[in-house]
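Same order as they appear, the protein sequences are chains A and B. The letter at position 214 of the first sequence is residue 214 when you use this note's numbering, and the numbering goes up by one with no holes. The letter at position 57 of the second sequence is residue 57 when you use this note's numbering, and the numbering goes up by one with no holes.
A couple of the hints might just be wrong.
Said to hold, decoys possible - Far from chain A, some chain B residues (derived; all Cβ distances over 12 Å):
#1 5
#2 10
#3 28
#4 41
#5 47
#6 53
To be verified - Once the Cα atoms are required to be at most 20 Å apart in a straight line, the calculated SDA-like pairs of lysine to any residue come out as:
#7 122(A) <-> 49(B)
#8 157(A) <-> 49(B)
#9 215(A) <-> 10(A)
#10 122(A) <-> 52(B)
#11 122(A) <-> 59(B)
#12 122(A) <-> 21(B)
#13 122(A) <-> 86(B)
#14 122(A) <-> 4(B)
#15 82(B) <-> 54(B)
#16 122(A) <-> 82(B)
#17 82(B) <-> 22(B)
#18 215(A) <-> 54(A)
#19 157(A) <-> 142(A)
#20 86(B) <-> 42(B)
#21 215(A) <-> 190(A)
#22 122(A) <-> 138(A)
#23 122(A) <-> 53(B)
#24 122(A) <-> 56(B)
#25 26(A) <-> 8(A)
To be verified - What follows is a set of in silico ranges between Cβ atoms, one per label pair, in the way DEER data are often shown:
#26 70(B) <-> 202(A): 20 to 26 Å
#27 152(A) <-> 38(B): 40 to 46 Å
#28 38(B) <-> 155(A): 14 to 20 Å
#29 62(B) <-> 194(A): 32 to 38 Å
#30 185(A) <-> 66(B): 29 to 35 Å
#31 20(B) <-> 163(A): 28 to 34 Å
#32 74(A) <-> 7(B): 40 to 46 Å
#33 31(B) <-> 189(A): 39 to 45 Å
#34 65(B) <-> 24(A): 32 to 38 Å
#35 202(A) <-> 6(B): 22 to 28 Å
#36 181(A) <-> 73(B): 37 to 43 Å
#37 20(B) <-> 10(A): 28 to 34 Å
#38 15(A) <-> 73(B): 51 to 57 Å
#39 67(B) <-> 1(A): 46 to 52 Å
Keep in mind the hints are simulated off the structure, nothing from the lab. Fair warning: this is a prediction, and the values are worked out from it, not measured in the lab. Every residue gets a Cβ at the ideal spot worked out from N, C-alpha and C, and that includes glycine.
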Amino acid sequence: MIAAWPCPGPDGQSEEYALAFDRGRKARLLIVPALFDEANRMRRMLVDMMRLLDDAGVDSFLPDLPGCNESLQDFSAQSLHGWRRAMVQAARHFGASDVLAVRGGALVFPHTLPGLVLEPAKGGSLLRQLIRARVIVAREAGRQEDSAGLLETGRTKGLELAGWHCGASLIAGLETAVAQIEGQRIVAQGELGGGGLWLRAEPAAAPEQSAALAKIVQSEIAA
Amino acid sequence: MSDTDSTLRAILCDVLGLSTERVAAFDASTGLFGDLPELDSMAVAGLLTEIEDRLDVVIEDDEVDGELLESYGNLLAFLDAKVAEKA
Chain A
1 MIAAWPCPGP DGQSEEYALA FDRGRKARLL IVPALFDEAN RMRRMLVDMM
51 RLLDDAGVDS FLPDLPGCNE SLQDFSAQSL HGWRRAMVQA ARHFGASDVL
101 AVRGGALVFP HTLPGLVLEP AKGGSLLRQL IRARVIVARE AGRQEDSAGL
151 LETGRTKGLE LAGWHCGASL IAGLETAVAQ IEGQRIVAQG ELGGGGLWLR
201 AEPAAAPEQS AALAKIVQSE IAA
Chain B
1 MSDTDSTLRA ILCDVLGLST ERVAAFDAST GLFGDLPELD SMAVAGLLTE
51 IEDRLDVVIE DDEVDGELLE SYGNLLAFLD AKVAEKA
């Protein structure tokens, strides 16, 4: 269930955590999680899907992005480029045959692997939402901050957004990043039924969505 | 019910994880920010971004104030005006 994988970091190799269902089978799915809070909101649905895939004979791996979840790396040292390298490394380590990138995960997934992308997010939209949350919090606290000024600061000095200490390179990378989808199947939320869990104010399970996604993944891997 | 009204209700269901029935019962005076515990500042940011995407409008920083999110009626009136402006 719990696996470690060697990950490149600013201070050389470090070990990162992955949730793994590994029985050495041929179909091996690497799941690249969503970014920021969206990863927490979707994790339960993804883990339930992994259990269903396990029952169906598919191995799957959900690694942490360095700096996120259980990772000991410093979040402020992360960048989209670094996350891309890490996910290539994870794919190699686990011998992934296919990939499932979720939302902002589509900005950093190894696009040489076949597979699927669930509701790919644009970096600019993710950033805009985080900055907006910060502006709203500031206003409630009686401080004046504006999006344009925050973005300018973020590009040069980095920025704390919703508790995430984002470095300047992460902010600059997010601003213009779009998913590099090369033949992977794009899965729309409508195919899973119900609303997108990344939108939810609170994390929740969604067994029907897990089942629908497991089915789509299986048919795609078999194709 | 206007298109904007039904889109806004659908977004509230998705963002707040509320049932369709509960959101269908919202009227102009239903309180939002401060009345719905699910609606914290991060959720407000998500809500506004989703509204922009689905209604194809842009909401500026200085348009977001306590009054805008005080009630369902206020938010809907604001968005009706935004959508009309665009047309």
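Hint check:
no., hint, in the structure
1, 5, "holds (18 Å)"
2, 10, "violated (8 Å)"
3, 28, "holds (23 Å)"
4, 41, "violated (4 Å)"
5, 47, "violated (8 Å)"
6, 53, "violated (8 Å)"
7, 122(A) <-> 49(B), "holds (12 Å)"
8, 157(A) <-> 49(B), "violated (25 Å)"
9, 215(A) <-> 10(A), "violated (39 Å)"
10, 122(A) <-> 52(B), "holds (14 Å)"
11, 122(A) <-> 59(B), "holds (18 Å)"
12, 122(A) <-> 21(B), "violated (32 Å)"
13, 122(A) <-> 86(B), "violated (24 Å)"
14, 122(A) <-> 4(B), "violated (24 Å)"
15, 82(B) <-> 54(B), "holds (13 Å)"
16, 122(A) <-> 82(B), "violated (24 Å)"
17, 82(B) <-> 22(B), "violated (26 Å)"
18, 215(A) <-> 54(A), "holds (12 Å)"
19, 157(A) <-> 142(A), "violated (24 Å)"
20, 86(B) <-> 42(B), "violated (27 Å)"
21, 215(A) <-> 190(A), "holds (14 Å)"
22, 122(A) <-> 138(A), "violated (25 Å)"
23, 122(A) <-> 53(B), "holds (12 Å)"
24, 122(A) <-> 56(B), "holds (16 Å)"
25, 26(A) <-> 8(A), "violated (26 Å)"
26, 70(B) <-> 202(A): 20 to 26 Å, "holds (22 Å)"
27, 152(A) <-> 38(B): 40 to 46 Å, "violated (32 Å)"
28, 38(B) <-> 155(A): 14 to 20 Å, "violated (33 Å)"
29, 62(B) <-> 194(A): 32 to 38 Å, "holds (34 Å)"
30, 185(A) <-> 66(B): 29 to 35 Å, "violated (44 Å)"
31, 20(B) <-> 163(A): 28 to 34 Å, "holds (32 Å)"
32, 74(A) <-> 7(B): 40 to 46 Å, "holds (41 Å)"
33, 31(B) <-> 189(A): 39 to 45 Å, "violated (29 Å)"
34, 65(B) <-> 24(A): 32 to 38 Å, "violated (58 Å)"
35, 202(A) <-> 6(B): 22 to 28 Å, "holds (24 Å)"
36, 181(A) <-> 73(B): 37 to 43 Å, "holds (41 Å)"
37, 20(B) <-> 10(A): 28 to 34 Å, "violated (48 Å)"
38, 15(A) <-> 73(B): 51 to 57 Å, "holds (54 Å)"
39, 67(B) <-> 1(A): 46 to 52 Å, "holds (50 Å)"
Hint violations for this structure: numbers 2, 4, 5, 6, 8, 9, 12, 13, 14, 16, 17, 19, 20, 22, 25, 27, 28, 30, 33, 34 and 37, all remaining hints satisfied.
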